[in-house]
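*Asks:* Residue numbers (numbering that gives the first Met the number 0), protein chains in the order written: chain F, 0 to 264; chain C, 0 to 264; chain Y, 0 to 264; chain G, 0 to 264.
Hints are not guaranteed to be accurate.
When chains are identical, the list treats them as one kind, so a pair holds in a single copy or across two.
[Said to hold, decoys possible] In silico lysine-lysine, DSSO-like type, Cα no more than 27 angstroms apart, as pairs:
#1 K159 - K238
#2 K175 - K135
#3 K175 - K238
#4 K159 - K175
#5 K255 - K175
#6 K112 - K135
#7 K112 - K255
#8 K135 - K184
Since the hints were derived computationally from the structure, they do not count as laboratory data. None of the values given here were measured: they were computed from a predicted structure.
There are 4 protein chains.
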Amino acid sequence: MRFSFAIIGLSLWLSAAVTPALAQAPLPDVPPALLEDIAVGSRVLADFGVVDGFGHVSARHPTNPNHFLMSRSLAPALVTADDIMEFDLDGNAIDARGRSLFLERFIHAEIYKARPDVMSVVHTHSPGVIPFSVSKAPLRPLFHNAAFLAVGVPVWDIAKEFGSTDMLVRDGGIGKSLARTLADKPVVLMRGHGDVTVGPDVKIAVFRAYYTDVNARLQSQAIGLGTEITYLSTEEGAKADAINFAVIDRIWNLWKQRVQLGLAK
Amino acid sequence: MRFSFAIIGLSLWLSAAVTPALAQAPLPDVPPALLEDIAVGSRVLADFGVVDGFGHVSARHPTNPNHFLMSRSLAPALVTADDIMEFDLDGNAIDARGRSLFLERFIHAEIYKARPDVMSVVHTHSPGVIPFSVSKAPLRPLFHNAAFLAVGVPVWDIAKEFGSTDMLVRDGGIGKSLARTLADKPVVLMRGHGDVTVGPDVKIAVFRAYYTDVNARLQSQAIGLGTEITYLSTEEGAKADAINFAVIDRIWNLWKQRVQLGLAK
Amino acid sequence: MRFSFAIIGLSLWLSAAVTPALAQAPLPDVPPALLEDIAVGSRVLADFGVVDGFGHVSARHPTNPNHFLMSRSLAPALVTADDIMEFDLDGNAIDARGRSLFLERFIHAEIYKARPDVMSVVHTHSPGVIPFSVSKAPLRPLFHNAAFLAVGVPVWDIAKEFGSTDMLVRDGGIGKSLARTLADKPVVLMRGHGDVTVGPDVKIAVFRAYYTDVNARLQSQAIGLGTEITYLSTEEGAKADAINFAVIDRIWNLWKQRVQLGLAK
Amino acid sequence: MRFSFAIIGLSLWLSAAVTPALAQAPLPDVPPALLEDIAVGSRVLADFGVVDGFGHVSARHPTNPNHFLMSRSLAPALVTADDIMEFDLDGNAIDARGRSLFLERFIHAEIYKARPDVMSVVHTHSPGVIPFSVSKAPLRPLFHNAAFLAVGVPVWDIAKEFGSTDMLVRDGGIGKSLARTLADKPVVLMRGHGDVTVGPDVKIAVFRAYYTDVNARLQSQAIGLGTEITYLSTEEGAKADAINFAVIDRIWNLWKQRVQLGLAK
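Isolated chain F, as found in the complex:
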């Protein structure tokens, strides 16, 4: 499930070269750096295999809290700043110009409604996480980079409220249910689907998506060792998560170089 760097880079080059130029609706009141963070975050998670052909990264509009920014419907590995569109919190596109929308934009819309503190939302089908999403074993932090999991990781099962469905968050009602289960936490697992991570900016939300996946894989291996496991305490979780905030720029610059080097090829 991993994309080699070479292919991500070539994909980006090719998509830039051969995709017919869409009549782009410029987003003049959004700093270009924010659009770039959304695009870089998507491609970083694709590069790590945390997302594959599915998954999305969004950010709340920096000056209009009732709007958010997300790519048109596109594989995460291919997202560029030019693909970012603007939405209201009912999931309606502002100035769609015929572009396809992610069916599950309601995940983002409803979380932005419910969580004024959240400025970025990431949805993945993270392979490390899917086994936990269908198991009774709670996801818990093993190590400091996943410290944000110490507050607890709720699991949302769509069937509880909606019976047998196609598993998708296809409207605001289902999105509200997901947001209720997320509550005030940084991560919610979606049974048989994937997860959502949130944060005060794109870098933190993407960092959390990545390290939730890493922690899931490592916790799975730790469980296989067959003994009691020492997880981070709640207090350790809070203190170590402050460090994650302190180091985020260093790790983001490394990740950005990885995907931009792809672009440069």
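Start from chain F and add chains C, Y and G according to the hints.
*Replies:* Only chains C, Y and G this time, still in chain F's reference frame:
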């Protein structure tokens, strides 16, 4: 078991450059797009490690339901549209021109006979699946991209009808046995060998081959967590599989870019 | 534990470009194709991660059964035809010209002595196999490409005859012990070390080294599913192994393209 | 968690090309080969996925035992000889010139104080090791390349002395505690964090970091086979570790080629 994109691409370039041009039997009544889908599907599955040196993708002839199309005997990573040949449903090549045939073409021939609804067949030695093929643990869908598994995944053991063999589907009689076990399902596991996935077109059959392998790996990890697992219900399976049909073009275009970028290198 | 194709290729290019040219002792009575098979086999196994910085591939001299051919002491990823040297069955180099020898050449020497049927020997520190080498769980074939394991896989523990050692086959006495445990089998595991695979030619011995590692990994996963496992029967093993012999050239050509494309870069 | 070679290489090229040239404090009394070993060791471990955005390699100053050498705060994949700085054993930078320092330099400083025999220290967040760091299962050597583990692998839990913290070795007091737990061993695990490996030179310390991670992964798989495991005895450990010392240059040259080829691209 993974092939890096760079090598797939270089392999394709080299095979085009140095393989002596075979006296190609053109297939004038087959749309080139279909031949390309078969080739792309083979290379995508090789790229993902779902097939290695072995495995094959076929499609029923679009206008003659008693014929099907499959590559000459060639590693899946190397298949191009020019390698595709035409066969009847007894596995005989139409216009062989001295090209080698896949020994196990009877897998495809007999399934096309037994299943008028099937327009594409994929055979893999999927590493994720082989452990399930030899175990009593039934393969069941964990997540929505593998929803098509919810109808049940039969396991065909060649020894039941044929005793100790070389494990290969080397004639129509063995192929009929496999087709009987497949019945009306989308996937059948082959004990100690691999699997077959089928679908109404190449893209769906290849999608199913990929996500059967992913599901097997994730289910293996979920089992290792040691608790009860919540699988997709039959109804969820049917509803979510409809979504897989809705998104197939988006994911196919991403996969096609991956292997074609290899070609362009 | 995986080497990307790009780096293997670049390693080969660089080693050809910058390694001081050794005063090479030509091997005029050895067909160049055999020297190339040894080099290709080494690099293929390095590429698959079956060997890393350690491990070696040898072939019995085609016209002098009391000599064998193996690279000078060099990481397997870097071996070229020019690195191949000739040895007698006591492990002495014919015309050493100051080149370093593999400390464990006695593995090869003693097996060629004990097994007149063997024309190629491969030694690896295969990661898939090492867990089985230290466990009581017997390695058994799950699928047809590993059919040659059906005759049984002995485990040689150096401590049985030699007490606490540095684990290396550093002389003929230890090599004889290993050859006795190998007996008439195609594979022997070496406790806490790796394995040895043998065959009637380099391609088969290398094929066996690769598929022994694959089978070990898949068997480990199958065991984790927690149910009874259906292994290949002895008769299935014999019949399916005949097929491995039938397809070896196709798979070898694919593998050779992979590492030679590396060279071409 | 793996970085492809291509990206490491491109990262190095890009960082050399676009990182503003720092006013470099030259280290005239340090042999350039030592600075290169530190840089190569960092990039090798990043390449293997043993370190990701975090982790560091240091060496004691060759002529002043009260100083040590380590990169400025930088992702391990990006370290070059020009990034190396000099520190005293209280973790103070000699001639900082505004460069950022690793927060956890106290790991290195305190171990150099406590261990006169140690000439190199490596700190990783090794994914293979983290599950062992939180489990009661002791890490023990499965195979000869990990023979140095036979003397025992202590686990340091910061909470024992310091209660709930952010898990970091952020001052000399915490560093002393870690050094006490390391005692005279070559490796110490850090609960919920990673590990530290030490050695008489950079190559050995880096070798140990790599093979500790490999051993952890293989031991995890061996445990999953469900039987008694035969680990290396203490005596085997001592004898086999002498061989690791004997082969270190061969493996280092292979690893160095891998990352330098990245540079050359």
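*Asks:* Give a verdict on every hint.
*Replies:* Status of each hint after checking the structure:
no. : hint        : verdict
1   : K159 - K238 : between (35 angstroms within a copy, 16 angstroms between copies)
2   : K175 - K135 : within (23 angstroms within a copy, 40 angstroms between copies)
3   : K175 - K238 : between (31 angstroms within a copy, 21 angstroms between copies)
4   : K159 - K175 : within (13 angstroms within a copy, 43 angstroms between copies)
5   : K255 - K175 : neither (33 angstroms within a copy, 36 angstroms between copies)
6   : K112 - K135 : neither (29 angstroms within a copy, 44 angstroms between copies)
7   : K112 - K255 : neither (29 angstroms within a copy, 38 angstroms between copies)
8   : K135 - K184 : within (19 angstroms within a copy, 30 angstroms between copies)
Violation of the numbered hints given earlier is confined to hints 5, 6 and 7; the remaining hints are satisfied by the structure.
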